[in-house]
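In the numbering used here, the protein residues as written are 6 to 142.
These are computed hints drawn from the structure, not numbers from a lab.
These figures come from a predicted structure and were not determined experimentally.
Be aware that one or more of the hints could be misleading.
Claimed, not checked - FRET-style restraints, in silico, Cβ to Cβ:
1. R26 x P90: 21 to 31 Å
2. R58 x A99: 15 to 25 Å
3. V57 x M20: 14 to 24 Å
4. T82 x T46: 15 to 25 Å
5. A121 x S13: 34 to 44 Å
6. A121 x R58: 13 to 23 Å
7. D72 x E36: 31 to 41 Å
8. T69 x K92: 15 to 25 Å
9. F83 x T46: 34 to 44 Å
10. R58 x A97: 27 to 37 Å
11. A121 x T82: 15 to 25 Å
12. A47 x F83: 29 to 39 Å
13. S28 x A97: 31 to 41 Å
Built from N, CA and C at the ideal position, the CB exists for glycine as well.
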Amino acid sequence: MVDGSIHSISRQSHMLRLKLRLSVKPMRAAEASLFILGSDTAIFCVKMQLPVRPSRVQMFDCVTERDLDAAEYRGNTFAGELAIPIKIFSPAHALFVKLERRSWFFDEAGWLEIPASVRSEQIASPKAHLAEESSIR
Numbered sequence: 006m007v008d009g010s011i012h013s014i015s016r017q018s019h020m021l022r023l024k025l026r027l028s029v030k031p032m033r034a035a036e037a038s039l040f041i042l043g044s045d046t047a048i049f050c051v052k053m054q055l056p057v058r059p060s061r062v063q064m065f066d067c068v069t070e071r072d073l074d075a076a077e078y079r080g081n082t083f084a085g086e087l088a089i090p091i092k093i094f095s096p097a098h099a100l101f102v103k104l105e106r107r108s109w110f111f112d113e114a115g116w117l118e119i120p121a122s123v124r125s126e127q128i129a130s131p132k133a134h135l136a137e138e139s140s141i142r
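Work the whole structure out from these sequences, hints included.
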């Protein structure tokens with residue numbers, strides 16, 4: 006259930022990890038932006054620009070443009086891993102992720118759904134090792 010440049014997604018209780026593989030886009034008009042849509046008491050969306058080298062990445066509220074938190078990027082222009090704190094979102098609801106890389110006016114990929122975190126009371130004993138992490142690969 007991965008799409009386009011998002012190679013894998015892993016959701017933990019307070020962290021979302023994305024492995025990215027970005028292709029060379031000679032006609033790319035703008036930098037890549039990552040959006041995360043989710044909810045807690047209300048629905049909201051955060052946005053961040055992907056860097057070209059290892060660094061902290063500031064996350065912004067899409068509506069108010071207020072600074073929210075910082076993610077950590079390890080990688081380069083073509084591949085890397087993004088660790089995103091998700092404590093602002095409810096663990097009981099799904100998250101939706103979109104990597105926007107526009108070329109002219111076409112978008113590369115759609116939204117990906119990341120299911121809610123798995124709670125230990127929902128898991129049978131043989132699968133107890135999954136209590137902490139719900140992964141999509």
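Each hint tested on the structure:
no.: 1; hint: R26 x P90: 21 to 31 Å; verdict: 23 Å, holds
no.: 2; hint: R58 x A99: 15 to 25 Å; verdict: 31 Å, violated
no.: 3; hint: V57 x M20: 14 to 24 Å; verdict: 23 Å, holds
no.: 4; hint: T82 x T46: 15 to 25 Å; verdict: 37 Å, violated
no.: 5; hint: A121 x S13: 34 to 44 Å; verdict: 18 Å, violated
no.: 6; hint: A121 x R58: 13 to 23 Å; verdict: 33 Å, violated
no.: 7; hint: D72 x E36: 31 to 41 Å; verdict: 18 Å, violated
no.: 8; hint: T69 x K92: 15 to 25 Å; verdict: 18 Å, holds
no.: 9; hint: F83 x T46: 34 to 44 Å; verdict: 38 Å, holds
no.: 10; hint: R58 x A97: 27 to 37 Å; verdict: 36 Å, holds
no.: 11; hint: A121 x T82: 15 to 25 Å; verdict: 33 Å, violated
no.: 12; hint: A47 x F83: 29 to 39 Å; verdict: 36 Å, holds
no.: 13; hint: S28 x A97: 31 to 41 Å; verdict: 35 Å, holds
Going through the hint list in order, the structure does not satisfy hints 2, 4, 5, 6, 7 and 11.
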